[in-house]
Amino acid sequence: DGVANGVASKNGSIGYAETSYATERQLTVANIQNNLGEYVAPTAAATAIFNNTFKPGARGTITIDPTVKVKGGYTLAGYSYGLAYGNSSSVDKKDPERQAVVKDFFKYVVGACATKYATAKGYAPLTGNLVDLANSAIAEIQ
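Read in my numbering, the sequence shown has 49 at position 49, and its numbers run on one by one without any break.
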């Protein structure tokens, strides 16, 4: 947010910020050359194409191959993670009511929230194997 504000306030500035911040401030964005030589705009659709190449890893992680060649894929994307106690957690003081709220929150973020708000803000909702991975992890929250 701070970088985008700085770029917006100085004519000719160059910076790096999330697409949502650039869009809100009506900044010009650069197309990034992917590994097929295509120059791709930072759209939710192009990011989703690249995201579908990610492989699930251990314990809810993902493996990103920056050398993958995928037509129309925007290859400069990041992820946010959420942390919660799972069913294998050895924490003695887990509060079942709080765990239920956390579980519902993650269901909302991955499901309805992503569907309703993510694309409009320039974010790509999880799709394919990534949404399956997220839902499997959410199911373990107890």
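It is possible that some hints are incorrect.
[As the list claims (entries may be wrong)] No more than 20 Å apart at the CA atoms, straight line, and that leaves these computed lysine to aspartate or glutamate pairs for EDC-like:
id, residue 1, residue 2
1, Lys55, Asp132
2, Lys107, Asp132
3, Lys69, Glu38
4, Lys103, Asp132
5, Lys116, Glu18
6, Lys121, Glu38
7, Lys116, Glu24
8, Lys107, Asp65
9, Lys107, Asp95
10, Lys71, Glu38
11, Lys116, Asp104
12, Lys121, Asp1
13, Lys94, Glu140
14, Lys107, Glu97
15, Lys116, Asp132
16, Lys55, Asp65
17, Lys94, Asp104
18, Lys121, Glu18
19, Lys103, Asp65
20, Lys10, Glu24
Quick caveat, the hints were computed from the structure, so don't treat them as lab data.
Please work out if Lys116 and Asp132 have their alpha carbons no farther apart than 20 Å.
Given pair Lys116, Asp132 holds - Cα atoms ~19 Å apart, limit 20 Å.
Taken at face value, is the distance from the CA of Asp104 to the CA of Lys116 at most 20 Å?
Status holds; Cα separation ~16 Å.
Pair hint Lys103 and Asp132, alpha-carbon separation not exceeding 20 Å:
holds (15 Å)
Measure nothing beyond the straight line between the CA atoms of Lys107 and Asp65; if it is 20 Å or shorter, mark the hint as holding.
Distance ~27 Å between Lys107 and Asp65 Cα, so the pair is violated.
Check whether the Cα positions of Lys103 and Asp65 lie no farther apart than 20 Å.
violated (30 Å)
Is Lys55 within 20 Å of Asp65, Cα to Cα?
holds (9 Å)
Keeping to a limit of 20 Å between CA atoms, is the pair of Lys116 and Glu18 held or broken?
It holds: about 19 Å lies between the C-alpha atoms, which stays within 20 Å.
Can you confirm whether the C-alpha distance between Lys107 and Asp132 stays at or below 20 Å?
holds (12 Å)
Is the Cα-Cα distance between Lys107 and Asp95 20 Å or less?
Roughly 18 Å between the alpha carbons, so the hint for Lys107 and Asp95 holds.
Do the alpha carbons of Lys121 and Glu18 lie within 20 Å of each other, as the hint requires?
holds (10 Å)
Is the straight-line distance between the alpha-carbon of Lys94 and that of Glu140 20 Å or less?
With a Cα-Cα distance of about 13 Å, the restraint between Lys94 and Glu140 holds, given a limit of 20 Å.
Would the hint linking Lys107 and Glu97 be met if the CA-CA limit is 20 Å?
Between Lys107 and Glu97 the Cα gap is close to 15 Å, so the pair holds against 20 Å.
Hint violations for this structure: numbers 6, 8 and 19, all remaining hints satisfied.
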